[in-house]
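Engineer: All residue numbers for the sequence shown refer to the numbering used here, where the first residue is 2 and numbers rise by one.
What the hints contain is simulated information worked out from the structure, not anything from laboratory work. Since the structure is predicted, the reported quantities are computational estimates derived from the model, not experimental observations. One thing to keep in mind: the hints can contain errors.
Said to hold, decoys possible - Computed Cβ-Cβ distance ranges for the label pairs, DEER-style:
#1 Asp45 / Ala90: 26 to 34 Å
#2 Ala24 / Asn78: 15 to 23 Å
#3 Glu22 / Asn78: 29 to 37 Å
#4 Gly41 / Ala62: 14 to 22 Å
#5 Asp23 / Val100: 38 to 46 Å
#6 Ile88 / Gln4: 15 to 23 Å
#7 Asn98 / Asp23: 32 to 40 Å
#8 Gln4 / Asp25: 30 to 38 Å
#9 Gly61 / Gln4: 15 to 23 Å
Don't be surprised by glycine CBs; every beta carbon is placed ideally from N, CA and C.
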Amino acid sequence: MLQIPPKVTERAFARLAEINEDADTPRALRVAVEGGGCSGFQYDIKLEEQSAEDDLILQGAGQKVLIDPVSLPFLENAVIDFTDELIGARFVVNNPNAVSSCGCGISFSM
């Protein structure tokens, strides 16, 4: 079955480039899906220095976004973005596979 990998917006790559601007070792953004959260699944978004051998690596603006093979089906056709709103600046996942999500935007169900 062909899976459509998530897309990363220019804004997300640009923010990652800003984060890495003064870093000795540039870090990649890891987007993972884990069980838990108030809706069944939750996103785990963090910075990492190393990619794993089986990661999907999405690149743009000289930056990398890493997705592990277990999380990939949950992120099919999703959009990874960066938003700067009143509630704070953060990386977000707009996921068409999620049937519901909680107010924090970190947890979802399928």
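Engineer: What are the numbers of the hints the structure violates, in ascending order?
Structural biologist: 1, 2, 4 and 6
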